[in-house]
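These protein sequence lines map, in sequence, to chains A and B. When we follow our numbering, the leftmost residue of the first sequence carries the number 3, and every step to the right adds one. When we follow our numbering, the leftmost residue of the second sequence carries the number 3, and every step to the right adds one.
No lab work stands behind these hints: they were computed from the structure. Careful, some of the hints might be misleading.
Intra- or inter-copy, both count: the list cannot distinguish identical chains.
[To be verified] Quick list of in silico lysine to aspartate or glutamate cross-link-like pairs, DMTMM-like style, CA-CA up to 25 Å:
(1) K34 / D44
(2) K311 / E74
(3) K238 / D135
(4) K248 / E310
(5) K34 / D328
(6) K34 / D98
(7) K238 / D204
(8) K34 / E335
(9) K34 / D204
(10) K34 / D170
(11) K248 / D29
(12) K34 / D169
(13) K248 / E175
(14) K34 / D224
(15) K311 / D100
What follows is the residue order along each chain.
Protein chains: 2
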Amino acid sequence: MTAVPASITDGRALVDQAMRAAAERLDPSIRKVVAYHLGWTDEHGRPAAAGGKALRPALALLSGRAAGASYETALPGAVAVEFVHAFSLLHDDIMDGDRTRRHRPAAWTVFGPSAAILGGDALLALSEELLLDENTRGSHWAARALTAATQRLISGQSFDLGFERRDDVTLDECLTMAADKTGALLACSCSIGAMLGEGPTDLVTELTGFGSEMGLAFQLVDDLLGIWGSPDTTGKPVLSDLRARKKSLPVVFALNAGTPESARLAELYARPGPASEDDLREMARLVEAAGGRDWAAAEADRRIASAEKHLGDAGIDDHVRAEFRDIALFVTERDH
Amino acid sequence: MTAVPASITDGRALVDQAMRAAAERLDPSIRKVVAYHLGWTDEHGRPAAAGGKALRPALALLSGRAAGASYETALPGAVAVEFVHAFSLLHDDIMDGDRTRRHRPAAWTVFGPSAAILGGDALLALSEELLLDENTRGSHWAARALTAATQRLISGQSFDLGFERRDDVTLDECLTMAADKTGALLACSCSIGAMLGEGPTDLVTELTGFGSEMGLAFQLVDDLLGIWGSPDTTGKPVLSDLRARKKSLPVVFALNAGTPESARLAELYARPGPASEDDLREMARLVEAAGGRDWAAAEADRRIASAEKHLGDAGIDDHVRAEFRDIALFVTERDH
C-alpha cells in the first residue's frame with residue numbers, strides 16, 4: 003500500500019481547524035450531529051478522531067496553489083467541498099438505508115433521520131455561506147460552480163436510486179450516474195481553489211477535466227473493491243456490492259455484455275430475497291467471466307491517462323502537478 | 003374575509019412562469035416530485051393547479067419596487083425565496099410525519115421519503131444557483147442573505163423538533179423558534195428584491211425588520227387558528243395543534259402563566275396516547291383561561307404595529323408601502 007500523499011496529510015490539521023471554526027456557526031443541536039458525522043466526536047459527544055481522509059480539501063488547496071493563490075484564499079473552498087461531501091453522505095445513508103459509515107454507526111441511526119436530514123441541510127447552506135463570505139469575483143465563481151456540482155451530485159443519487167428498481171440500466175447511464183455522483187464534486191474540488199484565486203479560465207477548465215476523469219477512475223476502482231476488495235480496507239463485508247445487488251459499473255458492463263454469463267447474472271440479480279454465500283461467489287465469477295472486471299480495470303487506466311493529459315495541459319508548476327498526480331494514483335490504487 | 007391583495011395576485015402568473023422555467027434545470031426524476039409539491043401536477047404527473055398563495059414571491063417583487071429596481075432584477079429573488087420555502091416544507095413534512103399538505107397527500111407519502119429529501123436538496127441548491135446566475139454586487143448580497151435565512155429556518159425546525167420532547171419550553175425560546183422558522187425567510191423575502199436592486203442598506207434593514215415582525219404576527223395568528231380556526235380555512239381538523247400536542251405560542255404562554263389552568267394543561271399535555279375530543283376541548287378552554295389566547299392576539303397586534311413602524315421608516319413611496327401593508331394585514335387576519 004502506497005503512503006498517503008503529503009499533500010493530503012500536510013493541510014489536514016489546518017483544514018480541520020477551519021472546518022471546526024465554520025461548524026461553530028451552526029445551532030448546537032445541529033452541530034452535535036455534524037460533529038459526529040465528521041468524526042470529531044463519538045455518539046455521546048466525547049472527542050473522537052474518526053474522520054475521513056479529507057481528499058477533497060487537499061485537492062481544493064492544491065488547485066489554489068496551481069493558480070498561485072494564497073492558502074487563505076483557497077481555504078473556504080476546501081472546507082466548502084468537504085461540507086458538501088458530508089451533506090451528501092448524511093442524506094445518502096438515510097436514503098440507502100446504510101447503517102454503517104467509516105466503521106461506525108451512520109449518523110441517522112444514532113440521532114434519528116430528522117436530525118440527519120437537518121444536519122445535511124445545514125451543511126449544504128453553510129458551504130455556500132462560507133464561499134459568499136468574501137465578496138470577490140472568485141468567490142462568486144466558486145459558489146456558482148459548487149451549486150452546479152451539488153445539483154449533479156443530487157441527480158446522480160436520484161439516478162442511482164432509480165437503478166435499483168430497473169433491470170435495463172445501460173453502461174452509458176451508469177457512467178453518467180458515476181460522473182454526476184462522484185465526478186462532479188471531485189472536479190469542483192480540483193478547480194475551486196483556482197476559481198477563488200481568480201486563475202485563468204483555461205486552468206480551471208483543465209483542472210475540472212482532471213478531477214472529472216479522476217473521479218470516474220476512482221468510482222471504477224471503488225466498484226472493483228466493492229466486489230473483490232478485502233473487508234479490512236473497504237470497511238464493508240466481502241462481496242458487499244453484490245449482496246446489495248448494486249448496479250455498479252463492472253456489474254452493468256457484465257449484464258450488458260451479451261454472454262451466457264450475462265444472462266445467468268441477470269437471473270441471480272433478479273431473484274428476490276437475500277443471496278446465499280454460494281450465489282454471491284457465483285455472481286462475482288460471472289461478472290469476471292462476462293468481462294466486467296477486466297473492462298473496469300482497463301477503463302480506470304484510460305481515465306487516469308486522460309486525467310494526466312488534462313494535468314499536463316493545465317500548464318502548472320511541476321511540484322503542484324506531481325502532487326495532483328500522486329493523489330490521483332493513490333485514490334485509484336487497487337491493492338489497498 | 004378580505005380579498006387577496008392585488009400585489010399577490012398580479013405577479014403570480016409571471017412568477018409561476020419563472021419558477022417553471024427554473025425547474026426545467028432539474029433532473030426529470032426530481033422535477034416530478036417538485037412539480038407535484040408545488041401544485042403544478044397531480045400524483046400521476048397530470049397538470050393541476052394546487053399551489054400555495056405565493057406570498058413570499060409577492061413580497062420579494064414589492065421589495066424590488068421599493069428600491070426602484072426593475073421587475074426582472076427582483077424576479078430571481080422571488081423564485082429563490084419560494085424555492086427555499088418549498089424545500090423546507092418538503093423536508094419538514096417528512097420530519098414531522100405530516101401526511102397532508104394543502105389538502106393533498108404530502109409529497110413524501112406519494113413518492114417516498116428519499117425522493118422528497120432529494121427534491122428538497124435540489125430546490126435549496128437551485129435557489130442559490132438562480133441568484134448567482136447574475137454576477138452583480140446585488141446578487142451576491144441576496145445569495146448571502148438567503149443562505150443566512152436558510153440557516154435560521156433549519157435552526158428553527160431543529161428547535162421545534164426538540165420542543166416535542168421537552169416539558170420546560172419557555173416563551174422566549176418559543177418566540178426565538180418562531181422568529182427563526184417563520185420570521186427569517188419572510189424577512190428575507192421582504193428585502194431580497196431591494197438587495198438585488200442594490201438599494202441603500204437602510205432600506206434593506208427596515209424591510210428586513212418589517213418582514214421579521216410580520217412573520218411573528220403571522221405565526222401568532224397561525225397558532226391561534228391551529229386551535230380556534232375553522233377546518234375549512236386551515237385545511238386541518240379542528241383543534242389540530244392540540245391534538246398533536248404542539249407547543250405553539252399560545253400554548254407555551256399558557257403553560258408558563260403559573261395559573262391553576264396552566265398546571266392542568268401541563269398534565270393533559272404530558273398524558274400519553276391520543277386525547278379524547280373532550281380532552282381537546284378542555285385543553286382549548288385552559289389555554290384561553292390561562293391567558294394564552296388574549297396574549298397571542300395582543301402580541302400579534304403589537305408585532306403588526308412594529309412592522310408598520312419599520313415600513314414608515316423605510317422611506318418608500320406610498321403605493322409600495324400600501325401594498326406591503328395590505329399583505330401584512332391580509333396574512334395576519336384572524337377571521338378567515
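Hints, verified against the model:
In this assembly of identical chains, K34 and D44 lie within 25 Å of each other by CA distance solely inside one copy; the values are 10 Å within and 39 Å between copies. Taking CA atoms no more than 25 Å apart as the test, K311 paired with E74 passes in neither setting, with 29 Å inside one copy and 43 Å between copies. With identical chains, the CA atoms of K238 and D135 are never at most 25 Å apart, being 39 Å at best within one copy and 41 Å at best between copies. Within a single copy, K248 and E310 get their C-alpha atoms no closer than 30 Å, and across copies no closer than 58 Å, so neither meets the 25 Å cut-off.
In this homomeric assembly, K34 and D328 never come within 25 Å of each other (Cα to Cα): the closest approach is 35 Å inside a single copy and 42 Å across copies. In this assembly of identical chains, the alpha carbons of K34 and D98 lie at most 25 Å apart whether taken from the same copy (22 Å) or from different copies (20 Å). In this assembly of identical chains, the alpha carbons of K238 and D204 never lie at most 25 Å apart, being 40 Å within a copy and 56 Å across copies at closest. Taking the shortest Cα distances, K34 and E335 never come within 25 Å of each other, neither inside one copy (34 Å) nor across copies (39 Å).
With identical chains, the CA atoms of K34 and D204 are never at most 25 Å apart, being 41 Å at best within one copy and 36 Å at best between copies. In the homo-oligomer, the alpha carbons of K34 and D170 lie at most 25 Å apart only across protomers (21 Å), although the nearest pairing inside one protomer, at 42 Å, exceeds that limit. Within a single copy, K248 and D29 get their C-alpha atoms only as close as 36 Å, which misses the 25 Å cut-off; across copies the closest is 22 Å, which meets it. Taking CA atoms no more than 25 Å apart as the test, K34 paired with D169 passes between copies only; the shortest distance there is 22 Å, against 40 Å inside one copy.
Proximity of K248 and E175 under a CA criterion of 25 Å is satisfied intra-copy only: 14 Å inside one chain copy versus 46 Å between copies. For a Cα distance limit of 25 Å, the shortest separation of K34 from D224 qualifies neither inside one copy, at 30 Å, nor across copies, at 31 Å. In this assembly of identical chains, K311 and D100 lie within 25 Å of each other by CA distance neither inside one copy nor across copies; the values are 37 Å within and 52 Å between.
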